[in-house]
Amino acid sequence: MKKANRGNLPALLFLLGLLMLWQLGAMKVNAAYILPTPVQILQKLWQLRGPLFTVHLPATMAVTGIGLAISIALGLALAAGMDASPLLRKTVYPVVVASQTIPTTAIAPLFVLWFGYGIWSKVLVCVLITFFPITITVYDGLRSAKTEMAELLFTYGATRWEVFRLVKVPCALPYFFSAVKMAVPMSVIGAAIGEWLGAQSGLGYFSRRMMTQLDGAGVFAPIVLLSAVAMLAVALLGAAETRLVKWRGETE
Amino acid sequence: MLRFEHVSYRYPSEDFDIIDDLSFSVEPGSFHCIVGVSGCGKSTIFRLTNGLLQPKAGEITVGGTPIGQLKQYCGYMPQRDLLFPWRTVGQNLALPLELRGGLSRAQVREQVEAALSDVGLAGCGDKRPEELSGGMRQRAAFARTLLTGSDLLLLDEPFSALDFLTRIAMQEWLLAQWQRHKKTILFITHDVEEAVFLSDRVLVVESTPIHTLTPVEVPAAYPRSRECLARPELAELKEQLIAILRKQVTP
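Here the protein sequences come in this chain order: A and B. Just so you know, the first sequence maps onto residues 9 to 260 in the working numbering. Just so you know, the second sequence maps onto residues 18 to 268 in the working numbering.
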């Protein structure tokens, strides 16, 4: 742990330097409605802590959580299916890749029309953005399993399901963690985009409302909160990963 | 114990039978080495025996029964130890027992512990495979093969990745294990000296496609030590085998 902190020290110093530059620059420009200083943003965050933390953060977290859960369930099922059936792979893989070329931000307003201002239009944006990396990465993980290991288990009399459980799942686990670590920030972005385009609550929605009031610090405050939450989630995932995946990087 | 009767096999990507009408048999409790140049098809014989490949023609029986009707009739140990890195050494050894089923957790642990101390790895059950040296890993893999409970062991060049000194120590160790457990061992190698030292009969692959395995008796009694390799009849046998194999190698 100590070592890790020391490793992060240059990055922290660099970040601090950037923030100071920003602070000085913004003070010189002196137009808080377009370029607030970091201190003003923090002050705003504190002022607005009531609505931000009790209404809008939970709303965004619900979208992200549900979206991620759907993406993970769908991604895992599809990856396992493609691994088991070459026909399914041939059918689905190109479509999944093609789905990624859809400019989600551009069609998200349509989702609002279709699904209304409620939570589901946002969840859909989230799923569309995160579903792809999870499916493809987990699929690659399942493929990475050594055929020799599977064959060895077959000679022990294992069934296909047992091989899947004993060889493929452990091989795919590190890939799964990479996928989710990628997907968490993306899902937060997805939720924010969805809320920005049309919602009744959520950090994206709040940020947009502040925009209409030309409150620069108010635009930034929920964004800072979003990034902090995403970083925290990734850090937690990293900790879970080190506990569960002890063999990462081994060539065998 | 193991019998091939007019077995043929062709890889889908090839236009000839790599195993062509091959018949041979191996009696219970014997130690046979199959020697041949790399790529001659000796591993294919193993993959047919353990059921990973299906013969195009002919029949393979173990103990008189066609292998199609048998389960867990052979313990297969591939060239690389293939210990699963996400399992501890003990959990690796438990794999064949778990797959067979019908044992309680305590029984599995007991058998694993016994097998570990049997191969000189007592107390290593909770270690991760990467913490073991090459020789220890091969011994763990051998213990795992023993735990399949099969009387027929197929060992595919298990020592080829080890350094020379570890390899000769492992050869002596394997002979001791064989004499203690009274298993039937088929051992693939391209190392003639290894074959002569280990087996009571060497089966030579003289050409590819494989029509026959030429049996060559090794005139030495067990227990053996490495000194016996210096005896003139064994040295001569070694040279003779090398001469047969060299004919097939085009540099």
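Everything labelled a hint here was simulated from the structure, so no lab data went into it. For glycine and all other residues, C-beta sits at the position ideal for the given N, C-alpha and C. One or more hints might be untrue.
[Stated by the list, open to error] Residues on chain B that point at chain A, a partial pick, calculated with CB under 10 Å: (1) G68; (2) G92; (3) Y93; (4) F101; (5) P102; (6) L112; (7) K144; (8) T165; (9) R241; (10) A260; (11) L262.
[Stated by the list, open to error] A partial selection of chain B residues facing chain A, derived with a Cβ cut-off under 8 Å: (12) L69; (13) K73; (14) V79; (15) G81; (16) P95; (17) R97; (18) W103; (19) L116; (20) R117; (21) S121; (22) Q124.
[Said to hold, decoys possible] Simulated coverage check for chain A against chain B, where a stretch passes if three residues somewhere in it have a Cβ under 8 Å from a Cβ of chain B: (23) 54-64; (24) 107-119.
Verification of the supplied hints:
{"no.": "1", "hint": "G68", "in the structure": "7 Å, holds"}
{"no.": "2", "hint": "G92", "in the structure": "8 Å, holds"}
{"no.": "3", "hint": "Y93", "in the structure": "4 Å, holds"}
{"no.": "4", "hint": "F101", "in the structure": "7 Å, holds"}
{"no.": "5", "hint": "P102", "in the structure": "4 Å, holds"}
{"no.": "6", "hint": "L112", "in the structure": "7 Å, holds"}
{"no.": "7", "hint": "K144", "in the structure": "12 Å, violated"}
{"no.": "8", "hint": "T165", "in the structure": "6 Å, holds"}
{"no.": "9", "hint": "R241", "in the structure": "29 Å, violated"}
{"no.": "10", "hint": "A260", "in the structure": "33 Å, violated"}
{"no.": "11", "hint": "L262", "in the structure": "26 Å, violated"}
{"no.": "12", "hint": "L69", "in the structure": "6 Å, holds"}
{"no.": "13", "hint": "K73", "in the structure": "20 Å, violated"}
{"no.": "14", "hint": "V79", "in the structure": "13 Å, violated"}
{"no.": "15", "hint": "G81", "in the structure": "20 Å, violated"}
{"no.": "16", "hint": "P95", "in the structure": "6 Å, holds"}
{"no.": "17", "hint": "R97", "in the structure": "7 Å, holds"}
{"no.": "18", "hint": "W103", "in the structure": "4 Å, holds"}
{"no.": "19", "hint": "L116", "in the structure": "5 Å, holds"}
{"no.": "20", "hint": "R117", "in the structure": "7 Å, holds"}
{"no.": "21", "hint": "S121", "in the structure": "19 Å, violated"}
{"no.": "22", "hint": "Q124", "in the structure": "17 Å, violated"}
{"no.": "23", "hint": "54-64", "in the structure": "violated (count 0)"}
{"no.": "24", "hint": "107-119", "in the structure": "violated (count 0)"}
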